[in-house]
Amino acid sequence: AAHAAVAGTESLIASLELELAGIAAVVSQAEITAAQAFEAQLVAQEALDAATAAAAVASQRAAESATALAEERTTLAALARETYQGGSTSVGTLMPFLTERPADALGLSTYLAQLGARTDADVRAFEALAAVDDVLQAEAATAVETQAAAEAELARSADEAQRRLAESSSQLRYTSERREQLLHQLAAQRQSTVDLERERQDELDRRARESANIIAMQEALAAPSTTETTPRAPAPSGNSGAVTGATPDTSRDENRPTTPAPAPSTPAPSVPEPAPAPAPAPAPAPTPAPAPAPTPTPAPAPAPTPAPAPAPAYTVSAASGTYYATTTLNLRSGPGTTYGVVGSLARNATVEVTGTSNGWYRIGSDRWASGTYLVRGTPPAPQPAPTPAPTPAPAPSNKVETAISYAMAQVGKPYVYGANGPNSWDCSSLTQASFRQAGISISRSSSSQYSSGTRVPLAQAQRGDLMFWSSNGAQSGIYHVAIYLGGGMKVHARAPGWGVQHDSVYYANIMPNVVRLG
Numbered sequence: 001a002a003h004a005a006v007a008g009t010e011s012l013i014a015s016l017e018l019e020l021a022g023i024a025a026v027v028s029q030a031e032i033t034a035a036q037a038f039e040a041q042l043v044a045q046e047a048l049d050a051a052t053a054a055a056a057v058a059s060q061r062a063a064e065s066a067t068a069l070a071e072e073r074t075t076l077a078a079l080a081r082e083t084y085q086g087g088s089t090s091v092g093t094l095m096p097f098l099t100e101r102p103a104d105a106l107g108l109s110t111y112l113a114q115l116g117a118r119t120d121a122d123v124r125a126f127e128a129l130a131a132v133d134d135v136l137q138a139e140a141a142t143a144v145e146t147q148a149a150a151e152a153e154l155a156r157s158a159d160e161a162q163r164r165l166a167e168s169s170s171q172l173r174y175t176s177e178r179r180e181q182l183l184h185q186l187a188a189q190r191q192s193t194v195d196l197e198r199e200r201q202d203e204l205d206r207r208a209r210e211s212a213n214i215i216a217m218q219e220a221l222a223a224p225s226t227t228e229t230t231p232r233a234p235a236p237s238g239n240s241g242a243v244t245g246a247t248p249d250t251s252r253d254e255n256r257p258t259t260p261a262p263a264p265s266t267p268a269p270s271v272p273e274p275a276p277a278p279a280p281a282p283a284p285a286p287t288p289a290p291a292p293a294p295t296p297t298p299a300p301a302p303a304p305t306p307a308p309a310p311a312p313a314y315t316v317s318a319a320s321g322t323y324y325a326t327t328t329l330n331l332r333s334g335p336g337t338t339y340g341v342v343g344s345l346a347r348n349a350t351v352e353v354t355g356t357s358n359g360w361y362r363i364g365s366d367r368w369a370s371g372t373y374l375v376r377g378t379p380p381a382p383q384p385a386p387t388p389a390p391t392p393a394p395a396p397s398n399k400v401e402t403a404i405s406y407a408m409a410q411v412g413k414p415y416v417y418g419a420n421g422p423n424s425w426d427c428s429s430l431t432q433a434s435f436r437q438a439g440i441s442i443s444r445s446s447s448s449q450y451s452s453g454t455r456v457p458l459a460q461a462q463r464g465d466l467m468f469w470s471s472n473g474a475q476s477g478i479y480h481v482a483i484y485l486g487g488g489m490k491v492h493a494r495a496p497g498w499g500v501q502h503d504s505v506y507y508a509n510i511m512p513n514v515v516r517l518g
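So in our numbering, spot 509 of the sequence shown is number 509, and the numbers just go up one at a time.
Simulated from the structure, these hints should not be mistaken for lab results.
Derived Cβ-Cβ restraints for the label pairs, each shown as a range:
no., residue 1, residue 2, range
1, HIS184, THR33, 26 to 32 Å
2, ASN423, ASN472, 32 to 38 Å
3, ALA166, GLY487, 35 to 41 Å
4, ARG156, GLN189, 44 to 50 Å
5, SER441, ALA381, 39 to 45 Å
6, THR75, ARG156, 47 to 53 Å
These numbers come from a predicted model, not from an experiment. Glycine included, each C-beta is placed from N, C-alpha and C at the ideal position.
Work out the full structure: start from the sequences and follow the hints.
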């Protein structure tokens, strides 16, 4: 009974730790979701600003055109009256010049002939102005419609941003409360204190973040810097030690050699032989009587499908302790590859082992992983790959240093979506204001700032460059921006609850290019 109680406690601890490992990923995704929604609102505001400016310009041009057309009509009407008073035509014939455009009448040539060559240039000028006026009035109407559509899109995106913010805030509150509940349960199960469990879990989260960040950095720096045309799959965010749901059986259970399938052989094309000369057609033979058709042999009945063999029985031996996965591997319902996949374990994920059988370890009460890829203890802190000595970058300009100084002076101020300073910021308003202090004008949203300067490969980033993060690896998915400080550090307005920070660069979801200004 005592052994069963211990096993039950260890199983519960393992389940609690697995849930804790996944909370960090949930928190990270909630922050990204809210940031994406407010980025869409900023983009909609920029579109409305552009549409409003375009509508104002179009309306002004249309008004000026209407004024010029009215003046030309007055000139032409005076000529028409002069012609009438001279007695060369009737008032009915001249009426179109007094009230209409010549293009709307039956034909301009008739009036030209009646008014005389003297007025030809005036009539032609009037007709040209009328045509231009038609175009400008149509453009003004279209600009107003575009402005109205932009206003509607801004309202929609603002509502969506508020909805997602509410959902994100609710999710963050729940995960925070759930984390505390789990820490209390772990403390009770381990007979320790909540503070000790929180410290232990914080350290596990930190190691997982560092491990994931180094892997993401190596991938990001190795990725080619190209114009984004095909979105990348989103990089995983949060704790790399989370246990996910069942995945296709492509990860490793045990060492098994793989032999590539042989390439299909392609037969050599046959060379056709020349056709023989046709023989003379023989005389037709009499048609014989048809032979009776043979009785078909009945097809044999299909053999019954054998029932699947029952899963082999196994004996569980005592085993316990903290282990970590050396690679991504499947979790199965029993100790062997003949059992079904019920989940997966991420590389460097830590778990509590509750038993062993046939070289496999039991995790919790009903999941099994190959012992080949589980190691006792916690994962070692990853060592960054050595990088070649970089070519010394040119010294940043005074403008860049001015922008950095302003941004660093904002560290500690709160993050508020849509804030424009000076007491609170969001990520793109901080970068915009910082470079404005240096006399460099950039747009408001993160995604549009990606087009503000010269794009440089991430591996060549230098102090003062703008770094970007995207949900799909393309400009359309950008949701965050920061100022790179050099030495792997950045300054940015991170998220609600975090504010403006000076911290290390994280590489999950980072764009392959930075933007250089100044």
